[in-house]
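Student: Same order as they appear, the protein sequences are chains X and P.
Per numbering that gives the first Met the number 0, numbering of the first sequence is gapless, rising by one per residue and ending at 265.
Per numbering that gives the first Met the number 0, numbering of the second sequence is gapless, rising by one per residue and ending at 104.
Simulated from the structure, these hints should not be mistaken for lab results.
These figures come from a predicted structure and were not determined experimentally.
Don't take every hint at face value.
[As the list claims (entries may be wrong)] Cross-link-like lysine-lysine pairs, in silico, DSSO-like; alpha carbons within 27 Å at most:
| hint | chain 1 | residue 1 | chain 2 | residue 2 |
| --- | --- | --- | --- | --- |
| 1 | X | Lys5 | P | Lys88 |
| 2 | X | Lys4 | P | Lys93 |
| 3 | X | Lys249 | X | Lys43 |
| 4 | P | Lys93 | X | Lys3 |
| 5 | P | Lys88 | X | Lys2 |
| 6 | X | Lys3 | P | Lys52 |
| 7 | X | Lys53 | P | Lys93 |
| 8 | X | Lys69 | P | Lys88 |
| 9 | P | Lys52 | X | Lys2 |
| 10 | P | Lys52 | X | Lys5 |
| 11 | X | Lys43 | X | Lys171 |
| 12 | X | Lys24 | P | Lys88 |
| 13 | X | Lys177 | X | Lys249 |
| 14 | P | Lys93 | X | Lys2 |
| 15 | P | Lys88 | X | Lys4 |
[To be verified] Away from chain P, derived, C-beta distances all over 12 Å, residues of chain X:
| hint | residue |
| --- | --- |
| 16 | Leu19 |
| 17 | Ser34 |
| 18 | Asp50 |
| 19 | Glu64 |
| 20 | Asn65 |
| 21 | Thr70 |
| 22 | Glu128 |
| 23 | Gly130 |
| 24 | Asn134 |
| 25 | Gly188 |
| 26 | Asp233 |
| 27 | Pro236 |
| 28 | Gln238 |
| 29 | Phe245 |
Positions of the beta carbon are idealized from the N, C-alpha and C atoms, including for glycine.
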Amino acid sequence: MSKKKKLLLIAFVVLILVFLNLFQKDVRGFFYKISSPFQRIFWKTGDSISDFFKALVFVKDLKQENKELKTENQKLLSQLIKLKSLEKENETLRQALNLGLEKDFKLIQAQIISKDISQDIILINKGSEQGIEENMPVITSQKALCGKVSEVYNKFSKVVLISNKKSSFDGKVLTESKEISALVSGRGGLNVYLELIPQEEEIKQEDLIISCCLGGVYPDNLLIGKISKIKKGDTEPFQEAEISPFCVIKEIEELFIISEVFKPTE
Amino acid sequence: MSFRTIFFLIFLCYFSVLFQTSLLFHFSIWGHTINFILLLVILLNLFEPPEQKYGILTAFIGGFFLDIFSNGIIGFWILALLVLSFFIKLVLRKYVKIPTPKKII
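Next up, chain P with everything else stripped away, as it sits in the complex (with noise of 0.2 Å):
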């Protein structure tokens, strides 16, 4: 894990939570708008490396940021995405195999 990456998804995440928040809402459905991060925990625990933990620490960071950006305890989304991110890597151990690219970040 190289802090280059680390920073990077930081900042990423930081500002997905920013533009979720004060932009995409003036787009939102019955006040609900599309959660990137979510997608992208998603998205990068389906398809990363088994070895790689950059979906784990993405959840973390991720969930952090969607904590401070709402108005429950801090930790319920880091909870919630950490659990997703270890469910799916379960999943993905044990029951069905998805062709990874050798190096995703």
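Only chain X is shown next, with the shape it has when bound in the complex (with noise of 0.2 Å):
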């Protein structure tokens, strides 16, 4: 090939690509439109597999989680017993001072179809006709939160996951004694952490980690997480530690969009 049909060819490329970056939306929007049925279907295939494999490979672990979550799971049952009736006497005493409501969320439901090849950010099958808007928080059923919708198409979104290293937002750790606040970081891989706690604040693991609304990113009292592992240097001025959140994108299918928060009436 000559010089001159080379850079041609080159110039013509560059301008294909410069077209393709213009129009990326539109572009973008098209591919995920043909490729979400076979992508649904991948990820259904791929999620009954690793089930099917972690159930053989992790039986004996399965059994010990199984023994754990039931005894969690009567803990649970009595302290429900007693919030039940504090809950009734929350409302009497909140009909008396004529308050509102306690605050709720209207969502959104949406699959998840595949996961970016590089950074922590997933596709779902939501966009702007369903109500879709950017920044919007994406929890799963259990209200564990997972991120928000950084770009929205017709009929998809791209959620950036609070595990993406572009993802901070504030968060409280609920010990024993009281609630303290951190940074809660994503830094890439699936993993978070939680920085800038206080050398002094005692935290443990096991500890939750929750949202919280001060920065504005998220609403409050999302849960987050867990602290699995602490870092605490003498000559570091804060802790940080890691943390293992709820929301596990390889075992869910459904999320759900936060499109709007109820906020109590007066």
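Both chains are given apart, each in its own frame, so use the hints to dock them into the complex.
Tutor: Below, the structure written as structure tokens:
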């Protein structure tokens, strides 16, 4: 191929790429639309196969986990009974003081189609046509926080997970005695960390972390995860901890997008 | 270069990317999976006869599909894989000789 032809070919390729980037939303939207049936099948198949192998490999752990969950369930049931009586008392007081209802969410259900090749971003099958907007929080059915909507197409949306390197927001650690504010920060590879915890604060493994609406990123009191490892250095100004998130993308198919947070009526 | 081969490469790259992003993710390690397109580009460029350009074509097609299903600008993976292909071809032409089959595709 002559030099002139090579240069022309390079210029042509560059022009195509510029054109594709100018209309990247439409181009990507088109490919997501034609690929989503295949990706749904692949995602479900992958989920089933990995569950099958997990059951085989971790059968001993599953038995132990089952035993622990049954014990925890019984403890929670007894706590639930106590809370129900408190709830009744609370409702009576609210009516007496003429206060409004608790906050609730308006949710849009969506399914996961695929995960980005290199970043902690997933693609879901709902978009602007279903009322999805950028920055809407995304949670599981157990109200565990997964991330927020970053890009919206007609029928699809991208969700930046809380483990994404660009994700950071305020959170609270629920210890036995108090709540400690800290920064929840994603480190990629589905890893989430808790940073900027003052050295003098006592945190321990299994402490719960919930979201905090201070930074205006996410609503209050969404479950984030539990502390799995603590890193405390004498020379560091702050301690940090690794979080075991409740939202495990590999194990879920469906998510919920919070389209509206209902404020209490006064 | 035959049209049949080009269509086969498009089909192979497209479904490799779908497979990688949807099914293989469930078997990922720390959120990362094998990049089939990268493997395919390396192998094709290493083992195809010097006069064939399927490795470079695969780099372009595979890179395009990787860009579509990732979050960056369209062109990042295309450029990265093309550079890799040309680098492998350059090294093979000047410094290394690998016995290649007469016809790879």
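Student: Does the structure keep Lys3 of chain X and Lys52 of chain P at a Cα separation of 27 Å or less?
Tutor: The hint holds at about 19 Å.
Student: With the threshold set at 27 Å, check whether the alpha-carbon distance from Lys43 of chain X to Lys171 of chain X stays at or below it.
Tutor: Violated: Lys43 of chain X and Lys171 of chain X sit about 34 Å apart, past 27 Å.
Student: Holds or violated: Lys88 of chain P and Lys4 of chain X, Cα atoms, limit 27 Å.
Tutor: Given pair Lys88 of chain P, Lys4 of chain X holds - Cα atoms ~20 Å apart, limit 27 Å.
Student: Please settle this one: Gln238 of chain X was flagged as non-interface, so is its CB more than 12 Å from every CB on chain P?
Tutor: holds (23 Å)
Student: Checking one constraint from the list: CA of Lys93 of chain P to CA of Lys2 of chain X, max 27 Å. Satisfied?
Tutor: holds (20 Å)
Student: If I take the minimum Cβ distance from Glu64 of chain X to any residue of chain P, is it greater than 12 Å?
Tutor: Glu64 of chain X is indeed farther than 12 Å from all Cβ atoms of chain P, at 19 Å.
Student: Decide, holds or violated, for the assertion that all CB atoms of chain P are farther than 12 Å from the CB of Ser34 of chain X.
Tutor: violated (6 Å)
Student: Would you check whether the claim that Asp50 of chain X is not at the interface survives, using Cβ distances to chain P and the 12 Å cut-off?
Tutor: At about 9 Å from chain P, Asp50 of chain X fails to clear the 12 Å cut-off, so the statement is violated.
Student: Is it true that the CA of Lys53 of chain X sits at most 27 Å from the CA of Lys93 of chain P?
Tutor: Not OK: Lys53 of chain X and Lys93 of chain P at ~49 Å, beyond 27 Å, violated.
Student: So if I understand the rule, the pair passes when the alpha-carbon distance is 27 Å or less; does Lys5 of chain X with Lys88 of chain P pass?
Tutor: holds (17 Å)
Student: Has the given pair, Lys177 of chain X with Lys249 of chain X, been kept, meaning a C-alpha gap of at most 27 Å?
Tutor: With a Cα-Cα distance of about 33 Å, the restraint between Lys177 of chain X and Lys249 of chain X is violated, given a limit of 27 Å.
Student: Is it true that the CA of Lys69 of chain X sits at most 27 Å from the CA of Lys88 of chain P?
Tutor: violated (61 Å)
Consistency with the previously given hints fails for numbers 7, 8, 11, 12, 13, 16, 17, 18 and 25, ordered from lowest to highest.
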